[in-house]
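Peer 1: Residue numbers (my numbering), protein chains in the order written: chain A, 1 to 321; chain B, 1 to 617; chain C, 1 to 283.
Hints should not be assumed to be uniformly reliable.
[What the hints assert, rightly or not] Straight-line distance between alpha carbons at most 20 Å, and here's what the computed DMTMM-like set of lysine to aspartate or glutamate pairs gives:
id, chain 1, residue 1, chain 2, residue 2
1, A, K130, C, D275
2, B, K319, C, D38
3, B, K233, B, D247
4, B, K206, A, D55
Hints in this document: simulated from the structure, not taken from any laboratory.
The lines below spell out each chain.
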Amino acid sequence: MSRYILRRLLWTIAVVLLVTLVTFVIFYVLPSGDPALRFAGKQPTPQVLAQVRRDLGLNHNVVIQYLLYLKRLVLGDSHGWPGLGFSYSTGAAITPQLWQRAQITLQLVLGGAVLWMLIGIPIGVISAMKPRSLFDRASLVTGLVFISTPVFWLGLMLLWLFWSTLGWLPGTGFVAFTNNPVQWAQHMIMPWFTLALLFAAIYARIIRANMLDTLGEDYIRTARAKGLRERRVITHHALRASIVPVITLLAIDIGTLIGGTVIIESIFNLQGLGNWVLEGALNQDLPVTLAVTLIVTIAVSMLSLLADIAYAYLDPRVRFK
Amino acid sequence: MVLGLGVLIAGAGITLAGCGSSSSGGGSSSGSGTRGGTYRVEATDFGFSNNFDPTGEYTTASWGIYRGLLVRTLVGYRMTGGVAGNQLMPDLAANLPTPTDNNQTWTFTLKSGVRFAPPVNRAITSRDIAYAFERIATPSLAAQYGFYYGNILGWDAYASGKAKTIAGITTPNDHTITFRLTSPTPDFLYRLSLPATGPIPKEVAKCFPNAGGYGRDLISSGPYMILGSAQLKITSCATVRPLSGFDPSTKLLLVRNPNYSPSTDTASMRTALPNAFSFVINTNQTDIFNRIRAGLVDDSMSAPPASIVASIAANASQKHLIRTGAADATSYISMNLTQAPFDDIYVRKAVNLIMDKTGLQQAAGGPLFGAIATHIVPNTMYNNDSSITGYDPYATPNSAGNLAAAAAQMKLSKYDPTHNGTCEVAACKNVFSVTGNTTQDINEVPVIQSALAKIGITLNVRELPPSAMIATVSSVAKNVPLALSQGWSKDYADPSTFMTLFESSSISPTGNINTSLVGLTPSLASQLQISIPKGVSIASIDARAQACSATAAAGVRQACWIALDKNLMENVVPWVPYVSGNNVHLVSSAVTVWDYDQASATTAYSHVAVNPSKQAS
Amino acid sequence: MVALGFLLGLTVLAIGAPLVADLIGHGPNDLYRTTMLDQYGLPKGPSLSFLFGADGAGRDLFVRVIYGARVSLLVGVVATAIAVLIGVTLGLVAGLRGGILDTVLSRISDVVLAMPLLLFAIGISSACSTTPQGCVKGTLTPGLNLVIVVIAIFSWPAMFRIVRATTMSLRQSAFVEASRAIGMSERNIMFREILPNLLSPVVVYSALLIPQSILFEAYLTFLGLGIPDSTPSWGGMLDQASQLFTVAWWLMVFPGVFLLATVLAFNLVGDGLRDALDPRSAQ
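Given only the sequences and the hints, what does the whole structure look like? Please build it.
Peer 2: Shown next, in the form of structure tokens:
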């Protein structure tokens, strides 16, 4: 096991290096423009442009720039460790902002995850208990509708209905929990639902399928034969076995979503990582783009590793092999 | 600094632009304000170009804050709307000097009793102004408009480190400063109104050898100062920490400067009524305007979208909350004189005649956001002179384009071999065009496309994020034939700040602002590795622009620029100017006095007042 | 069945879009700014002559929604086809050859899956947009074909994994071993034994990849990085709607419903195919 974990960790480092390299190539080598132009004034003279390039570290050749980036990443820079540099737009250090924005994204993703599990699990279980019932069919179709709904459209529709038309909820934006818990929840509820409805549909499908598989297995039949009540069979035996793979899936989805809520964050104007990386990519704020890419890649890799380890420990069938 | 290049400088969030009406709104609020309260402003993004260090900061939004509140210069403005707001007034100088030596020597006497804000506290001397110029000349500080001062005697020697001081700036005593220039510069006073030239205390600024650093510890010479200034310890550079009231990604908080003495200032320049100012980042544009309507915020650094303006303008009791002022900016389509089919002047004239300017104005939000532009430099900058205000060489019914007139021009061009008034040759098809991807830019694309299609020109439009758009358009080697939705705004009210766009000296390989390549010579072209099509001769306005620049007598100078503007429109035709933008502001009902600062094209912060009892919190 | 009918109808409508436009008399890029925009440039809502109202530029939204089906269908089918081609080819090679080639290909697919798609799509689209030639010596120009390539680049790994895993298990299965034992060539094994057995997972997954590609295109265009405005696309209309939905609900509702219905129809067809081809899943 520990050798497996070590190998996976090494692979994670390799992936991180590769992804930063590709990011570097796309945003530094194939640039759609010169980031220095943005800080050289509206009538940039060659002297000022050259100075700004020096200030931004763009005067070296790209290979050196990449190596310098890795060096600062490992050893830290004048803003501390890890050395992610400073944002071109604000001149402020990346690292503290990264944590601040990660918190907002995490609140969105974790809140959404709780919500979709709360919706998805019961629907999946009930559907599996009575397959082909009216409830099962209705939930399958509803689920498919949500799987097919573009998230940005769902977000806009919610905003239009509950904010613009009915006025029940505040519009876009974010209020910190510590400032005002009620307003925090009011602002988060639409983003949470926008995120959760899609995943609730996917998870309900998966749990339904898993439950159906498990309910057909020998040990469940044995349990039933022993005369255990159906309720107990479901909660103690079938549900447990069906949820284990879902938990690992959850870890991977949460990892992916840390960088994947770009659209929800931009619609609801939550200043999380997704919004930041979008701004960074559009405005050629290269250090921001790189930092968020880096963090997201690490999060995805680490969470999928955790998922695999958890799977090995939680699922008796895997453990006994 | 509005559209186009301005978007880049202002950052993605701020749409300073807008484009607007000439008639409605504007002017100051009736009634006199009272002292006190906080004037609360929100912005989606400060968009600083140099982290608020005045030496390099090149955004009009920051200039408005400096001029009204933090940085006094030798020469300033009344800070009001319209032509009057572009008139120069002495600020730190006791009076406006008369130049000698053919506009090459300028001597100023400073007012006495003007002191720096805490913790510096001492009197401002001529040395502090000379030091500001030394900072502008220091290459590592990347002064973004340092080119305005390059003709001060000894400038290059100082910049290259060969001299310890700038020979052309002398300070015989604490209240006298003399500038000696190497060429006649009648608009030098205007250049001294730019905030980089305001006094800077060396004891603080010496701690910041790199661009942008001093912005975090800016020492005020105006009526307000950044919160936390009084607590700043300046005994050594090690103790100089960023001021607590300023964080470029969240807020800029200003309080009264206890060392400011109104007797050294005039009420026509600064009434300084609120006790404090807050500039806070709120990345949610819609939310800002909701908060203004709820009285939680008083003003915004970005223009409200047309959808919000429309709903407020429809309400008679709220209509007065919309304020506008001319941005002294022109929105235009730039045609590249070296690229087919725009290398033919008849095609360029046809494009001017076919363009639906009213449609473009509507795409920008309607007349409130800007008036139709008919020539290069906005009328306010010509003091609304009658010889130019009615001038429209390409007048069409309703400014919506005239097919017959456009076709008549097209028939004369080499791109209409059949003389049927439309261009059918390949050069007119799929013409590569670049524009931004802001909502307004994208709204303008179909208007332009459908107009040009009438004379047979079809476009291949690239909608790029603002910074990529600027980089593409300003890179000469990309040979972009048509740049849509460009914008330019003045640095100061002299037309030279527009005409520089057409001088051959402005052509550079990257960061090029002369996107039409007016004045391109064969030798310059080969240097830039681009080519001028055979049989095409490119006009130059260099000599005429230099002649106007050197003219000192105000009336003659203005007439010279007006003649050059008309010459550009009729004989060179590099642009289709279409809108003279307005800055549109939505203010809260707590705002009792509001004025527009024409010079900085933003709210006149020195002349606003609020009624705190009407402010929600 | 309903889903198939809808898709068929949509395809007919998409192909016949110019006829519809002619019938109504409004082209997809014709501007009606004097009649359909107010003094602030805000669009007016549905009426008899403008069934879905006008968009932000004063164009007929109904005509544009119909034209928008062309982009969605084209991107969905072509991007999926490319992704399937790459995924199946590489998956077969990796699955049959194994060894170092398999390791390299698998790792590449891992890295592509670990990449933040949207971000790279932004980088590539804007880098390819700044010259008339686009990038890769003119083969990639912005707009439709760039969007298709970007989607294909990020969609093949999932197909690759399925094909690789299936090929590997087939290679070791009893009937392939048997074929090998009776002296069938590797080439014949591939074409006679392995490919036919791959058909059903590939068909099922392709059907599910189409709606994903359609959504991906809508996301890209919604962020202003996909199809230019002159080519009507649902994502682009919804991008405009995001600015104007408080004053123009029709801009959001009509393109959105069409997009949702199309994606849903493809998903239903995909589900149906899976149930038909893979009886195990149809419990």
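Peer 1: Evaluate each hint against the coordinates.
Peer 2: Hint by hint, here is what the structure shows:
With a C-alpha separation of about 19 Å, the suggested pair A:K130 and C:D275 falls inside the 20 Å cut-off, and the hint holds. Simply put, B:K319 and C:D38 have alpha-carbon atoms about 17 Å apart, close enough for the 20 Å limit, and the pair holds. About 18 Å separates the Cα atoms of B:K233 and B:D247, which keeps this hinted pair within 20 Å; it holds. With a C-alpha separation of about 18 Å, the suggested pairing of B:K206 with A:D55 holds against the 20 Å cut-off.
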